[in-house]
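Keeping the supplied structure of chain A fixed, place chain B upon it in accordance with the hints.
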Amino acid sequence: MNLATLEPGQPLFNLKMVVTADKVRAYLVAVEDDDQIYGEEKLAPPMAVVALVMGMAIRAVNLPAGAVHTGQELEFVAPVRLGSELECGATVSHNSVRGGTRFLVLQITGAIDNQPAMLGRVSIAITGEKEK
Amino acid sequence: MPNAPEILNPVIHHISQAQLAKYADASGDDNPLHLDEEFAATTPYGRTIAHGMLLLAFVSEAMTKAFGRTWLCEGKMKARFRAPVFPGDTVTTTGTLKSTTGTMAMYQIVVRNQDGVDVVTADTTAPIFSF
Numbered sequence: 001m002n003l004a005t006l007e008p009g010q011p012l013f014n015l016k017m018v019v020t021a022d023k024v025r026a027y028l029v030a031v032e033d034d035d036q037i038y039g040e041e042k043l044a045p046p047m048a049v050v051a052l053v054m055g056m057a058i059r060a061v062n063l064p065a066g067a068v069h070t071g072q073e074l075e076f077v078a079p080v081r082l083g084s085e086l087e088c089g090a091t092v093s094h095n096s097v098r099g100g101t102r103f104l105v106l107q108i109t110g111a112i113d114n115q116p117a118m119l120g121r122v123s124i125a126i127t128g129e130k131e132k
Numbered sequence: 133m134p135n136a137p138e139i140l141n142p143v144i145h146h147i148s149q150a151q152l153a154k155y156a157d158a159s160g161d162d163n164p165l166h167l168d169e170e171f172a173a174t175t176p177y178g179r180t181i182a183h184g185m186l187l188l189a190f191v192s193e194a195m196t197k198a199f200g201r202t203w204l205c206e207g208k209m210k211a212r213f214r215a216p217v218f219p220g221d222t223v224t225t226t227g228t229l230k231s232t233t234g235t236m237a238m239y240q241i242v243v244r245n246q247d248g249v250d251v252v253t254a255d256t257t258a259p260i261f262s263f
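Protein chains in written order, with the numbering used here: chain A, 1 to 132; chain B, 133 to 263.
By construction, these hints were calculated from the structure, which means they are not laboratory data. Mixed in with the good hints there might be a few duds.
Using 25 Å as the maximum straight-line C-alpha spacing, the simulated DMTMM-like pairs for lysine to aspartate or glutamate come out as follows [stated by the list, open to error]:
no., chain 1, residue 1, chain 2, residue 2
1, B, Lys197, A, Glu40
2, B, Lys230, A, Glu73
3, B, Lys197, A, Asp22
4, A, Lys23, B, Asp162
5, B, Lys210, A, Asp34
6, A, Lys16, A, Glu41
7, B, Lys230, B, Asp255
8, A, Lys23, A, Asp113
9, A, Lys16, B, Glu206
10, B, Lys197, A, Asp34
11, B, Lys154, A, Glu85
12, A, Lys23, A, Glu75
Stretch-level coverage of chain B by chain A, calculated; a stretch enters the list once three of its residues show a Cβ under 8 Å from a Cβ in chain A [claimed, not checked]:
no., region
13, 155 to 165
14, 192 to 201
15, 211 to 218
Think of the CB as a built atom: it goes at the ideal place given N, C-alpha and C, for glycine as much as any other residue.
Excised from the complex, chain A in its bound form (with noise of 0.2 Å):
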């Protein structure tokens, strides 16, 4: 994808994904969170839920190496639990180029059934890219 073509507004992605006791076990193995609520309650964190929306979005937009995260805002707003099927989305909310940085700012979601679980504000700055 190529990034200078991205306008606010635009919709990246629309994908399903079912949140498996797999894939949060392996999120709590990498993040060495032996926190037990997890198991008890049958939720994935939060944060495992924004990982992998996270890891769509980057796969979408193709981010070039070097990119890093510069900023996060997130809100939980219903527990995600295992085995769910979890509606991901991310749009484009800015993209500019200043000094030689772009700036993109991206929108995420996560919604079980059309309800919201998580929203997100994701910050990414890009180095060496010309401005237009």
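Just chain B now, with coordinates in the frame of chain A:
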């Protein structure tokens, strides 16, 4: 659910390259900046750096320990990445109560490395209940 504590229990993590590989596999974020020493050496960082989202997991971990299910279901976070974290670093996440309303507690969270550098700052909000 307890009332909002003034201070959150610190969460401490030692960052390793193996952990970054595990996080990349689990999240799908396989940016070579986090994984490829050779590539990372060509960037301004000079070496691989931790995923920002990994650091936010530590923020969420601290909030989960204090608020449990209410954080998982209704938490809010606004975070800023201040400095890179490298394999070999040890980061400590702390939180201080900023204010409360009748139903919400607001915290200032800091993730700090072993040199005392703030690598992430975040404002978080969690629901509280009065009994």
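Going through the hints against the structure:
1. B/Lys197 / A/Glu40: Distance of about 14 Å is within 25 Å: holds.
2. B/Lys230 / A/Glu73: holds, 18 Å
3. B/Lys197 / A/Asp22: holds, 22 Å
4. A/Lys23 / B/Asp162: Given that 25 Å is the threshold and the Cα spacing comes to 16 Å, the pair holds.
5. B/Lys210 / A/Asp34: Given pair B/Lys210, A/Asp34 holds - Cα atoms ~24 Å apart, limit 25 Å.
6. A/Lys16 / A/Glu41: Holds. A/Lys16 to A/Glu41 sits at ~23 Å (cutoff 25 Å).
7. B/Lys230 / B/Asp255: Distance ~9 Å between B/Lys230 and B/Asp255 Cα, so the pair holds.
8. A/Lys23 / A/Asp113: Holds, because 20 Å separates the two Cα atoms, which is no more than 25 Å.
9. A/Lys16 / B/Glu206: Distance of about 22 Å is within 25 Å: holds.
10. B/Lys197 / A/Asp34: Holds: B/Lys197 and A/Asp34 sit about 11 Å apart, inside 25 Å.
11. B/Lys154 / A/Glu85: holds, 24 Å
12. A/Lys23 / A/Glu75: holds, 21 Å
13. 155 to 165: holds (count 9)
14. 192 to 201: Coverage by chain A holds here, the residue count being 6 at a Cβ distance below 8 Å.
15. 211 to 218: holds (count 3)
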